Structures are given as C-alpha cells and as structure tokens.
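Just so you know, the protein sequences line up as chains A and B, in that order.
Residue numbers for the first sequence follow the working numbering, so the first one is 1 and each next one is one higher.
Residue numbers for the second sequence follow the working numbering, so the first one is 1 and each next one is one higher.
Worth flagging that the hints you see were computed from the coordinates, not collected in a lab.
Take the hints with a grain of salt, since some may be wrong.
Unchecked claim - Now the in silico label distances, taken between C-beta atoms and shown as ranges:
no., chain 1, residue 1, chain 2, residue 2, range
1, B, Ser148, A, Ile13, 40 to 46 Å
2, B, Ser148, A, Phe146, 54 to 60 Å
3, A, Gly135, B, Thr185, 39 to 45 Å
4, A, Leu324, B, Ala145, 29 to 35 Å
5, A, Thr316, B, Ala80, 57 to 63 Å
6, B, Ser148, A, Leu324, 24 to 30 Å
7, B, Gly74, A, Phe129, 35 to 41 Å
8, B, Ala322, A, Lys245, 54 to 60 Å
9, A, Arg246, B, Arg201, 28 to 34 Å
10, B, Ser45, A, Leu250, 29 to 35 Å
Fair warning: this is a prediction, and the values are worked out from it, not measured in the lab.
All C-beta atoms, glycine included, are put in the ideal place defined by N, C-alpha and C.
So you can see what is in the structure, the chains are spelled out below.
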Amino acid sequence: MLRFILTRVSLVIPTFLGVTFLTFLLIRLVPGDPIEVRVGERGIPPERLLELRHELGLDRPLWHQFLDYIGGVLQGDLGVSLVTRNSVFSEFVTLFPATLELAALAMLFATVVGLPAGIVAAVRRGSIFDHGVMGISLTGYSMPIFWWGLLLILFFSVGLGWTPVSGRLDLLYYVEPVTGFMLIDTLMAGEYGAFWSALHHLILPMIVLGTVPLAVVARMTRSAMLEVLGEDYIRTAKAKGLAGKRVIGLHALRNALIPVVTVIGLQVGTLLGGAILTETIFSWPGVGKWLIESINRRDYPALQGGVLLIATTVMTVNLLVDVLYGVLNPRIRHSR
Amino acid sequence: MAAMPLLDIKNLSVEFTTRAGTFRAVDGIDLTVDEGEVVGIVGESGSGKSVTSLAVMGLLGSNGTVVADRMQFGGKDLLAMSPSQRRKITGKDVAMVFQEPMTSLNPCFTVGFQIMETLKVHEGLSGKALRNRAIELLEQVGIPAPESRLSAFPHQLSGGMNQRVMIAIAIACNPRLLVADEPTTALDVTIQKQILDLLVRLQKERGMALILITHDMGVVAETAQRVVVMYAGQVAETRPVDALFKAPRHPYTGALLDALPERALGKRRLPTIPGVVPGIGDRPQGCLFNPRCRFATDRCRIERPALFDVDAGKARCFYPLADAPVGAGEVL
Numbered sequence: 001m002l003r004f005i006l007t008r009v010s011l012v013i014p015t016f017l018g019v020t021f022l023t024f025l026l027i028r029l030v031p032g033d034p035i036e037v038r039v040g041e042r043g044i045p046p047e048r049l050l051e052l053r054h055e056l057g058l059d060r061p062l063w064h065q066f067l068d069y070i071g072g073v074l075q076g077d078l079g080v081s082l083v084t085r086n087s088v089f090s091e092f093v094t095l096f097p098a099t100l101e102l103a104a105l106a107m108l109f110a111t112v113v114g115l116p117a118g119i120v121a122a123v124r125r126g127s128i129f130d131h132g133v134m135g136i137s138l139t140g141y142s143m144p145i146f147w148w149g150l151l152l153i154l155f156f157s158v159g160l161g162w163t164p165v166s167g168r169l170d171l172l173y174y175v176e177p178v179t180g181f182m183l184i185d186t187l188m189a190g191e192y193g194a195f196w197s198a199l200h201h202l203i204l205p206m207i208v209l210g211t212v213p214l215a216v217v218a219r220m221t222r223s224a225m226l227e228v229l230g231e232d233y234i235r236t237a238k239a240k241g242l243a244g245k246r247v248i249g250l251h252a253l254r255n256a257l258i259p260v261v262t263v264i265g266l267q268v269g270t271l272l273g274g275a276i277l278t279e280t281i282f283s284w285p286g287v288g289k290w291l292i293e294s295i296n297r298r299d300y301p302a303l304q305g306g307v308l309l310i311a312t313t314v315m316t317v318n319l320l321v322d323v324l325y326g327v328l329n330p331r332i333r334h335s336r
Numbered sequence: 001m002a003a004m005p006l007l008d009i010k011n012l013s014v015e016f017t018t019r020a021g022t023f024r025a026v027d028g029i030d031l032t033v034d035e036g037e038v039v040g041i042v043g044e045s046g047s048g049k050s051v052t053s054l055a056v057m058g059l060l061g062s063n064g065t066v067v068a069d070r071m072q073f074g075g076k077d078l079l080a081m082s083p084s085q086r087r088k089i090t091g092k093d094v095a096m097v098f099q100e101p102m103t104s105l106n107p108c109f110t111v112g113f114q115i116m117e118t119l120k121v122h123e124g125l126s127g128k129a130l131r132n133r134a135i136e137l138l139e140q141v142g143i144p145a146p147e148s149r150l151s152a153f154p155h156q157l158s159g160g161m162n163q164r165v166m167i168a169i170a171i172a173c174n175p176r177l178l179v180a181d182e183p184t185t186a187l188d189v190t191i192q193k194q195i196l197d198l199l200v201r202l203q204k205e206r207g208m209a210l211i212l213i214t215h216d217m218g219v220v221a222e223t224a225q226r227v228v229v230m231y232a233g234q235v236a237e238t239r240p241v242d243a244l245f246k247a248p249r250h251p252y253t254g255a256l257l258d259a260l261p262e263r264a265l266g267k268r269r270l271p272t273i274p275g276v277v278p279g280i281g282d283r284p285q286g287c288l289f290n291p292r293c294r295f296a297t298d299r300c301r302i303e304r305p306a307l308f309d310v311d312a313g314k315a316r317c318f319y320p321l322a323d324a325p326v327g328a329g330e331v332l
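Next up, chain B with everything else stripped away, as it sits in the complex (with noise of 0.2 Å):
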C-alpha cells in the first residue's frame, strides 16, 4: 500500500450562488499532494484555480458551497471539522501566499505585528523568543536589516519585499503545505525569479509540500514535480512535469507550451489560443475546450470526456496527442 498523500481531495466542486444563478466555478477535481511534493496547477485565467486553493484553506465566503466525496489533510477530514478545529490547521500546517503582496498585508499594522500573530495564534509564543523568531523568519526569507524591518509598516516596503513578508508569515509555523496563488503576478520581471527561488528553497530546505498555482508554464517547469493543468474548472491534463513538457497530451496543454516565446523560436508570430474560457452561461456542449481546439471533432462537440489513462498521467479528451511536437511550424 502506498504512503497516504498530505492531501488527498476527490470529486470537489464549488459553486457561487449570484443573482444570475448557480456558477460552477470547480467542477469534480481529483486532487493529491504528497510530503515535500511540489505539485503545479497551471490555467488561464478563470480556470478555477484560485478557487480550488482558497477551497482547501476553507476561505471561500459563505456564498461558496464546497462538496466533495473526500477532502483530507493529513489523514483528517477537513469538511467534518468544525470551523474552529479547521482554524487550527489554516495558517499552521496549510499556509497560503497570495497574489497581491501590496494588498494583502494589514496597511495598519506593522510587518513584525503581522507576523508575530501567527506565531502567537499557532505556537504560544511571547517576549523575547517571540521577536526572536520572527527576525529569523525575516531573515530565512531575505529581507537586509530584519530587526528594523519588524516596525516597518506594509507601505514602507516594495512589492517584493511585501512578497518575502508574505512568504515569512506563512513559513512561520513550519507549514506541511504551503499554496502559493500567483506569487509572483504582481512582481516585476527580476523580484519574480527572487521568488520563486525563495519558495523552491524554502520548500526544499524544509520539505514541506508545495502547491504552485500559476498561469506560467515557464514557471512550473523550473519548479514542480507533478502538473495539474486546469481548463473552466475541470482537469484538463494532470502528468509528471517532465513527461508533460516532452509530450502533452491534452491539446489545450499542448496549446499552452506552443505559447511559450522560448519554444516558438524561428517562428514569425507567437501561437496564441483564440477565444477565452467559457464564462458562467456559455459552456459549450461537450468538451468544454471544443471550440477552442483545433482537432475537435463532431464527437468533441457533443459528448464530454472523461479523464482518460495516458502514459505516466491523465488527460480529459477523446484524441490525446501523440508524441510528435505539437503544431510543429505551424501558425494558428
């Protein structure tokens, strides 16, 4: 029998009650990380990738049903817990890091407050050893002159630098698995590789489990292990990185990588994907990537895939892609 995954989520789904209706912004996702795994979500924009994060922390507003047939951290069921017990989990063993360093820090309180919080909250921590830790903390994640920065208040500080606090607070308990959503949108260019090697040192130097949430596939290539590629709240494809970086098999995948600047060399304009992601009243019949795809049959337009055995992984469509590079020489 295989070890048990740190988190194991099977069939989740959200839903939004609006005024317009009922939206499925996730849709029946399989999802499992393991210890000291650094598992990659990639998709546009609208994909359902944020939410599924902010589905694992508990942070959806009550406006967000959660259903799922199992949703378990560490063995424990976490949509059996109550919000309490789940408190003691979220920002402890499961930390999160957002998108928006510059807003998601309190502009009223100080950056040492902030993050001695936490440790308050989660470890009982107080006095000296308090303040001790948290200008290790500032110091594990970078920041020059920890113990004046402690006073410093959010709009002191650079995007980048609001980021390491960001990544300070959540490290700050010796998280299991840490969910980073984006952490790197909102930063210039040369903060963005700072980042990113931040985490991936971090997350190696404590194996905790990492779950990056991007839109990058350049990003998730230098980075996880496994990759989860999300399209309108399902799994489109979900293989080891390397053997989804050779050979995608999902076109929407395939699509994606022919979309990187570094693998359109020689070619006179960078293939894009036409269209967008179908919003909350016009998903498609059938795959819900058929309109967007360039192999889509009359099958594809009527019947919805499932997610298909492919080698080392899955993928959700009817004509996974051979291992010939995708659209070779090709313009869409």
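Bound conformation, chain A alone (with noise of 0.2 Å):
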C-alpha cells in the first residue's frame, strides 16, 4: 500500500511542472502586465515604469523570472500578492473554506440525488422515469454553468426572491471565522438565524455547481447498475431469497459503486473548475472569484501559486480515490 502511494505521489512530479509552466507562460501572453494594469489609462513617466518593473523583477529574461519562481516554490514559498502584499498561500488558505464549502455540498446534493436516480433508472429500465431521468441529466449536463446560474438567479432571486442573489451571509450577521466553513461556524457561535442565512446563500450555488456532476453521477449509475444487475452473483443473491431490496441495495450497488466512486473521484477537479464560474456569478468569496480577480490585475504569483494549489487538490483527491477504490474492491485491495 505505501508503495502504491509513493508511485502515484512521484507520478505527480510532471503533473506539477508542466502546471506551473503552463500558467507561468500563458498569464504573461495576455498583454499588459502588472504595472500597467494599476496604472491604468492616466500613464506615469517611462522612468518610473521601469523602476517599477525592475523592482517586481519584471525586467528579467523570462526563463530567469521561471527559475527563480520554481526556487521559490521548492523551498515551499509561493511568493506575495503584487496588489495586497499578503503571502499567496496565506490569501489561498484563507479564501479556499468558502470554496470547499461550496464544493462539498455540490458533491454531496450530486450524489444524494444522482446516486438513487440512476438506481431507479436502472432497475426500472425502459420506463418514464428512466427516460426521464436520463433527458434530464443530458441537458444537465450540457448546460452552460454561467447561464444555467443567471437563470436560476432571475426566477428563484429576482423572480421568487426565495434565495439571496449573491454573497454568504447576510449583512445583518457577522461570525468569528473559526473553520472558515459558514455552516459549522455559525453553528459554533449558535447563531442560528445566521446559519439559516448561510444556508438560504448556499443553496442556487450549489445546485449550479452541482449540476453537470449530478448528471455525471446519474448516468454512470444507471449504466453500472445495469452491467451489475445481468450478473450470476445477482441471480444468486434472488435464489437466496433475499428481497428485491437487499438484492439492489447491498448486492448490486456494492459493485456498481465501484466505477461510481471513480467519477466522482474524476469530478472534484471538473467542480473546482466550475467553481471558478459558479463563485464569480454569484460573488461568492472564494478562491474562484479570487483567481479571476488575479487574472483582471495580472497577480501573476496569486494566479500561479493559486492554480499550483488547486492542481494540488485535485491530485490529492484522485489518490485518496485510488485508496478508496481499493476498500470497496477487494481483487484489488490483495493484489497490491
């Protein structure tokens, strides 16, 4: 097991050179660059520009300003925002709970409704709810994030005024951030007409966010679930005389899980991807909507130490997802 882990870890290695190469070189091919950005359209005296730049380091050959960048973040140092002067692992660490928080219950509102949706689907293939479940879940899925959030927004918001446009929390309320999570926190600090507000916030995020995964998670389902149901050991499980319910419940799913939980492995990275839009629509205060603030200002060390970490998190998941695989198949678990 722990050589398992040591090999995928040192597959992670080019992983994370050819991200930080990447974000290096592409931020710097979208013209302007730091200082003209806050300088803006009024100009300042070519002198001063200079200086300035020379004092970021920008006057330097581009395969110096990468090396020196590359030490840095060797030695586990990210570098400092060019606008807040704030370390960038500081800024990422204290923005990134929202963002978890986000992702978390997108993940889990995908699963809690996708999961028994493709079972159903499956079991009673061919029916309305099949077809219905599987037209659903296809437009799900090929909805645009940005505009599937706008319109959410204009019936539920504007429409309804049942959920806050934007934001976390309501303006009334402020909460010691303790975990940084707005649920737990408000919880700890019992104020609950505060975490009633976090909630109400939370919710169109969350299904917007949650949607493509949802309907990722639904077919994946059904389609497992159906290779699974044409199995002998199912036959079996029904010659047993077990109930239909512990035949699909225990029997099946068990197995269907098995490729399940691979995609929603695969999708943390496709949910921090959406979270990038799904925060900006909704003003949401997380790392989402601080990278594409970072882009506006050319932040070049926020938006690569920023992207860096979220690489970073994804890998992570996709190997706990590699372990966790092993738990729930045991033909792999002993032959590693």
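Build the complex from these two chains, which are given one at a time in their own frames, with help from the hints.
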C-alpha cells in the first residue's frame, strides 16, 4: 500500500511542473503586466515604469523569472500577491474553505440526488422515469454554468425572492471565522439565524455547481447498475430468497459503486473548475473569484500559486479515490 | 393413492418476448420429483433445461412468462404465491447451484458473509450460532480450514472451492429440493468428479430431492434414478435410469447414448448427432427432432408426436426404438 502511494506521488511531479510552467507562461501571454494594469489610462513617466518593473523583477528574462519562481516553490514559498502584498499561501488558505464548502455541498447534492436516480432508472429500465432521468441529466450536462446560474437567479432570487442573489451571509450577521466553513462556524457560534442565512446563500450556487456532477453521477450509476444487475451473482442473491431491496441495495449497489466512486473522484477537478464560474456569478468569496480577480489584475504570483494549490488538491483527491477504490473492491486490495 | 410428489409440474411453458417476437423456450413439459429422488434432466444447449429450472426457482426475469396447468411444491401452488411468499421458500426449501462458480458469488463480499446471509434471512440465526453453523457447512462441503475461509473473498478461492461454497449456501437451510444446473461444467475434469460425489453424498445424507441438469449422459448414469431427456423445450423421453440406458426408446436418446465415448469402443469415429437444436425461428413442422433423426418418415415430417407410453415411462416418438442396441456397428 505504501509503495502504491509513493508510486502515485512520484507520478504527480511531472504534472506539477507542467501546471507551473503553463500558468506561468499563459498569464504572461495576456497583454499588459501588473504595473500597466494598475496604472491604468492615466499613465506614469517611463522612468518610473521601468523602476517599478525592476522592483518586481519583471525586466529580467522569462527563463530567469521562471527559475526564480520554481526555486521559491520548491522551498515552499509561493511568493506575495503583487496587489495586497500578502503571502499567496495565506490568502489561498483564507479563501479556500469557502470554495471547499461550496464544492463539498455541490458534490453531496450531486451524489444524494444522482445515485438514487441512477439506481431507480436502472431498475426500471425503459420506463418513463428512466427516460426522464436520462433526458434531464443530458440537459444538465450540456448546460453552460454561467447561463444556468443566471437563469436560476432570475427565477428564484429576482422572480420569487426565495434566495439571496449573491454572497455567503446576510450583512446583518457577523460570525468570527474559526473553521472557515460558514455552516459550521455559525452553528458553533450558536447563531441559528446566521446558519439559515448561510444555508439560503448556499442553495443556488450548490445547485448550479452540482448540476454537471449530478448528471454524470446519475448516468454512471445507471449504466454501472445495469451491467451489475445482469451478473450471475445477482441471480444467486435472488436464489437465496433475498428481498428485492437487499439484492439491489446491497449486492448490486456495492459492485456498481466501484466505477461510480471513480467518476465522483474525477469530478472534483470539474467541480473546482466550475467553482470559478459559479463563484463569479454569485460573488462567492472563494478562491475561484479570487483567481479571476488575479487574472484581471495580472497578479502573477497569486494566479500561479492559486492554480498550483488547486492542482494539488485535485491530485490529492484523485489519490484518495484510488485508495478508497481498493477498500470497495477486494480484488484490487489484495493485488497490491 | 400414491404419495404426493414434492414437485409437481404439469404442462409448463415459458415464453420470452424479444424484439424478434415471442419465443417458447419451454413447451408444455410435465415434471415430477418425489421426496429424496434424484432426477436427471439431460439435453443439448438450447433444449430448455436451464429455463425450466429457473422457472421452478422463480428466477426468470420480467420478460419470461411462465404458464402452467399446475406448479406445486410440497402441495403449495407456486404460481398463486405472492413474491414475498415465494421468497420464503426460495433459498430455504428449494435451493439452486449454478454453472459458473467464479461469477455466481458476489466478488465484493466474503464467503462467510454470503453463507451467513442465507442463514440469517431464513433461519434467523445470529452471533456465535450463526458463525458456527457457517463453519459447519463449509466443513460438510469439504473445505479445509473452514474457519479461516470465512473471511476469504471468492477471487481468492479456486473454481472448485467456490462451487463448494455455492453448495454450502444452497444446503444451508436444509432444502427439500436442490436444483443443480450443470454444476460441474465449468470445472476441471478432476474436480468434476469430486463435486458430483459431494452432491450425491449430501443428497443421500440429507434425503433431499435433487434435480441434476446436465448435458453429460455419463453424469446422469452415475447419479440419477430417473431421467428426463429434453429436446427443443419439450420432453423427448422420461424413464428410470436403468431402463433408459439399457434400451432408449426415443431416437434422440439413442443418439445421445451412442455419442458416449465408452459406448463407442471399437469404432473408428465417435458418433455424433448432425445439426443443432432448432432455435427461435426454425422450428420444423412435425416432430421437432425429425431433421436430425435417422429414422424419420414422412409422418414424422408432418405430424407432431405426443408423449406415448413406453415401458416404464414415456417417449415422444411414433416409432420408439426396439430393444436391440441402437446403431450397433454403424457410424453416422
């Protein structure tokens, strides 16, 4: 097992290098550097511009800047934001819980709705329910996030006034961040009104972000269940005189979960990517919104560090999924 | 009045609805099994033997329609039962062993879990008693070190061992009828004999009835008391094993026996039956076996024979074979 994890971790190194290099290069391909963006249209004397560029090391050759950056990263230093002068890492850590809270709830939503929908669709294959679930999930999968988000805001927030349009919490409340997860912090502070407010703020972003994973989970569950339901051991389970619920919910589902868990794990990347759009639509104060702002400000270190940390998160989750896979599938557990 | 048979089936038909139309896999068969009796069901692939057994177990999918004039087990009408009433019998009083031991056990659960599950559901056992009973069962089916095997997963055991586990699950609740559907087909020749011996031993020890489905006439000769030969979803011949092996009445049975290597001693080539069992769209007119029958006449090609009484049983043939050894010295 340890060897397996070590192998996997070593495979991550090239990914790291690639991610670092690409973000470094791409953000510099965007016209305008941090100084120009901050100066705006007013302009400053050319000497001052050169001076400022020199201060930030932007006048050195690209490869030099890259090696400097990599050197820093290897020492665990992601640099400081050019805008706020705070360490990139501490900014990320402050904002990440908001993204994590949103992503976790979106995944929970996708699983809680998608898994049962997929199971029932498989068991009642060819029924109206099956066609309905598959049709809806195809629509959900194809829906652009920003459009879907705006549509929901228009209907539920603007039209019906059920949910707030943006943010994480009503301005009425203030809760000292302890874990950074609003739902937990408000409960810990005993502020139930704030908890409800936080929950209300979460609902729409959660649905928007969870829609694509929900569609993927439902479709994957359905096809995995259909395959498993035709297996000999399902016939054996029936021949034992087990009730239908137990045959489907235990004997079939346990086997069908193996591919579904993999898919859920792979969705984490999609989810964090989607979070960037979702957070921007809902003004959700997480790393997604922060990254977009960093691009606009040409805040090179913030963007590079942020992307690197998100990539690390995705790779860690994928590793965890691989380990969990072994727990679910005894055939893999023993061959390791 | 004779004692009521344990399993009593009259005029059973099973139809499958497919895109190509309705296919009758089992066509009006009668089958009775007495308490403690061993009945062999023989036939080629596609003759309807497995479908018959699945119908008895109530394991056919929703696209298989079961119709019968009578289908009783232990005096109870199986067709009139609700699914939950039926489940109380299935796995307890009627149990089944399947052909593919490697895929018939759930790969995600331990052997112990899968045995204990049956005991829990039907006998309500739990805790130490449950565990001890499972170990006892593994011992009875000849699995060495049963205690440590409880935590093994199916993929850690060989095919033969897995089949023993399947048998342990099947006999867990002391069934009155065990249906074994080609239990040795997927196994090595050396293991086949062991598994058959095990089944016969358990059958004798427990006095349970056994339906042994096979395409191997040799297996039937060694184990069964009565034989049902099936062809294209119908009963071709049904007679006690001794009589049938000594003098088969249906030409199909005769041909099957001729194809046994031990009966073809001295011949240069092993006799075979030309052609295959007719499938979904090519059922012939007249006797279903007529295109492959050496003795077929014009009558056989037009008129479908009923099951006629022959000595000690029945045969579906207008011209039952005589006592003379069939096809002696001939090569088909």
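Outcome of the hint check:
| no. | hint | result |
| --- | --- | --- |
| 1 | B:Ser148 to A:Ile13: 40 to 46 Å | holds (42 Å) |
| 2 | B:Ser148 to A:Phe146: 54 to 60 Å | holds (59 Å) |
| 3 | A:Gly135 to B:Thr185: 39 to 45 Å | holds (43 Å) |
| 4 | A:Leu324 to B:Ala145: 29 to 35 Å | holds (31 Å) |
| 5 | A:Thr316 to B:Ala80: 57 to 63 Å | holds (59 Å) |
| 6 | B:Ser148 to A:Leu324: 24 to 30 Å | holds (27 Å) |
| 7 | B:Gly74 to A:Phe129: 35 to 41 Å | holds (39 Å) |
| 8 | B:Ala322 to A:Lys245: 54 to 60 Å | holds (58 Å) |
| 9 | A:Arg246 to B:Arg201: 28 to 34 Å | holds (32 Å) |
| 10 | B:Ser45 to A:Leu250: 29 to 35 Å | holds (33 Å) |
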